[in-house]
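Chains as they are written, first to last, in this note's numbering: chain A, 1289 to 1401; chain B, 3 to 119.
Bear in mind the hints are in silico, worked out from the structure with no lab data behind them. Some clues are possibly wrong.
What the hints assert, rightly or not - Dumping the calculated SDA-like pairs for lysine to any residue here, alpha-carbon to alpha-carbon at most 25 Å: (1) Lys1387/A / Ala55/B; (2) Lys51/B / Gln1332/A; (3) Lys1387/A / Lys71/B; (4) Lys71/B / Glu1388/A; (5) Lys51/B / Leu1399/A; (6) Lys1387/A / Leu48/B; (7) Lys1387/A / Leu58/B; (8) Lys60/B / Leu1299/A; (9) Lys1301/A / Leu1399/A; (10) Lys71/B / Glu1363/A; (11) Lys51/B / Leu9/B; (12) Lys1387/A / Glu17/B; (13) Lys1387/A / Gln4/B; (14) Lys51/B / Tyr1391/A; (15) Lys1387/A / Ser111/B; (16) Lys1387/A / Arg118/B; (17) Lys1387/A / Gly61/B; (18) Lys1387/A / Ser1315/A; (19) Lys1387/A / Ser30/B; (20) Lys1387/A / Lys1301/A; (21) Lys51/B / Ser1312/A; (22) Lys71/B / Ser1312/A; (23) Lys1387/A / Ser54/B; (24) Lys51/B / Thr1389/A.
As the list claims (entries may be wrong) - Cβ-Cβ distance ranges computed for the label pairs, FRET-style: (25) Phe1348/A / Glu68/B: 18 to 28 Å; (26) Ala1368/A / Gly64/B: 43 to 53 Å; (27) Gln1329/A / Ser14/B: 13 to 23 Å; (28) Gly18/B / Arg1351/A: 47 to 57 Å; (29) Leu22/B / Gly1316/A: 34 to 44 Å; (30) Ser86/B / Leu1383/A: 28 to 38 Å; (31) Ala19/B / Glu1342/A: 22 to 32 Å; (32) Ile62/B / Gln1329/A: 42 to 52 Å; (33) Gly18/B / Gln1305/A: 32 to 42 Å; (34) Glu73/B / Thr1297/A: 32 to 42 Å; (35) Thr74/B / Asn1347/A: 38 to 48 Å.
All residues carry an ideal CB built from backbone N, CA and C; glycine is no exception.
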Amino acid sequence: ETGVTQSPTHLIKTRGQQVTLRCSSQSGHNTVSWYQQALGQGPQFIFQYYREEENGRGNFPPRFSGLQFPNYSSELNVNALELDDSALYLCASSLGGVKETQYFGPGTRLLVL
Amino acid sequence: AQSVTQLGSHVSVSEGALVLLRCNYSSSVPPYLFWYVQYPNQGLQLLLKYTSAATLVKGINGFEAEFKKSETSFHLTKPSAHMSDAAEYFCAVSGGFSDSSASKIIFGSGTRLSIRP
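Okay, chain A solo, but in the shape it has when bound (with noise of 0.2 Å):
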């Protein structure tokens, strides 16, 4: 069985570009959800996909968008970067409902400068 894969490792961006990070879920979930890690925090959530839906949001401006294939792999997509989106983006996929256990992937490492 593959667990989540994530993809780049590292990114360097300067302030205003726009950034693409990549997702592959765990064999046969359906649901992702993305987290953003600052240094020295815990993950704060960003959105949440399940079937190709977006399946509700945290605080997060717009600028900071998704996508989730028919393979329920997803896409993570930030605009306009700022200093404040350095961070590690975390994604984690799941079968869905509160009870059900979110794998982690092992992250993407995003320096905006």
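Here the structure of chain A is known, so what remains is to put chain B in place on it, guided by the hints.
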């Protein structure tokens, strides 16, 4: 609104000693509670979860946690610390949200566990 408070950003214990990491939650409905571990430069790994079955939950690597509703606590313990336990530990809560994203997880700020030889 759901929230999680982890008491102590850094805990240091000797190898072989008891590990106790404290977590208190706030929830207006019965919560689902989790402990995750994060090793340096890695993602999060689930240690254990409470989903309203037994109040004492056993997890991986010898860890366990007890759900105490009267104290709104979910502290993580391990009887004997090992050097390999050094990592960041996050307590988290899920469930009972008023919006549609019922399965989002709210994390605490984390506790860094150090093990002294």
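### Query
Quick one, are Lys71/B and Ser1312/A close enough, alpha carbons at most 25 Å?
The hint is violated at about 37 Å.
### Query
Does the alpha-carbon distance linking Lys1387/A and Glu17/B stay inside the 25 Å limit?
Outside the cut-off at roughly 34 Å; violated.
### Message
Would the hint linking Lys1301/A and Leu1399/A be met if the CA-CA limit is 25 Å?
### Response
Judged against 25 Å, a Cα distance of about 6 Å means the pair holds.
### Task
Would you mind confirming whether the straight-line C-alpha gap from Lys1387/A to Leu48/B stays at or under 25 Å?
Holds - the C-alpha atoms of Leu48/B and Lys1387/A are around 13 Å apart, at most 25 Å.
### Message
If I claimed the Cβ atoms of Gly18/B and Arg1351/A lie 47 to 57 Å apart, would that claim hold in this structure?
### Response
holds (50 Å)
### Task
Please test the hint of 32 to 42 Å on the beta carbon pair from Gly18/B and Gln1305/A.
With a Cβ separation near 50 Å, Gly18/B and Gln1305/A fall outside 32 to 42 Å, so the hint is violated.
### Query
Given a hinted range of 32 to 42 Å, is it respected by the beta-carbon distance of Glu73/B and Thr1297/A?
For Thr1297/A against Glu73/B, whose Cβ atoms are near 41 Å apart, the range 32 to 42 Å holds.
### Gln1329/A paired with Ser14/B, Cβ distance criterion 13 to 23 Å
holds (20 Å)
### Message
Can you confirm whether the C-alpha distance between Lys51/B and Ser1312/A stays at or below 25 Å?
### Response
holds (24 Å)
#### Entry: Status of the given 38 to 48 Å range, CB of Asn1347/A versus CB of Thr74/B
violated (24 Å)
### Task
Please work out if Lys71/B and Glu1363/A have their alpha carbons no farther apart than 25 Å.
Not OK: Lys71/B and Glu1363/A at ~38 Å, beyond 25 Å, violated.
### Query
Has the hinted range 22 to 32 Å been met by the Cβ atoms of Ala19/B and Glu1342/A?
violated (46 Å)
In this structure, the earlier hints numbered 5, 8, 10, 12, 16, 20, 22, 25, 31, 32, 33, 35 are contradicted, and the remaining ones agree with it.
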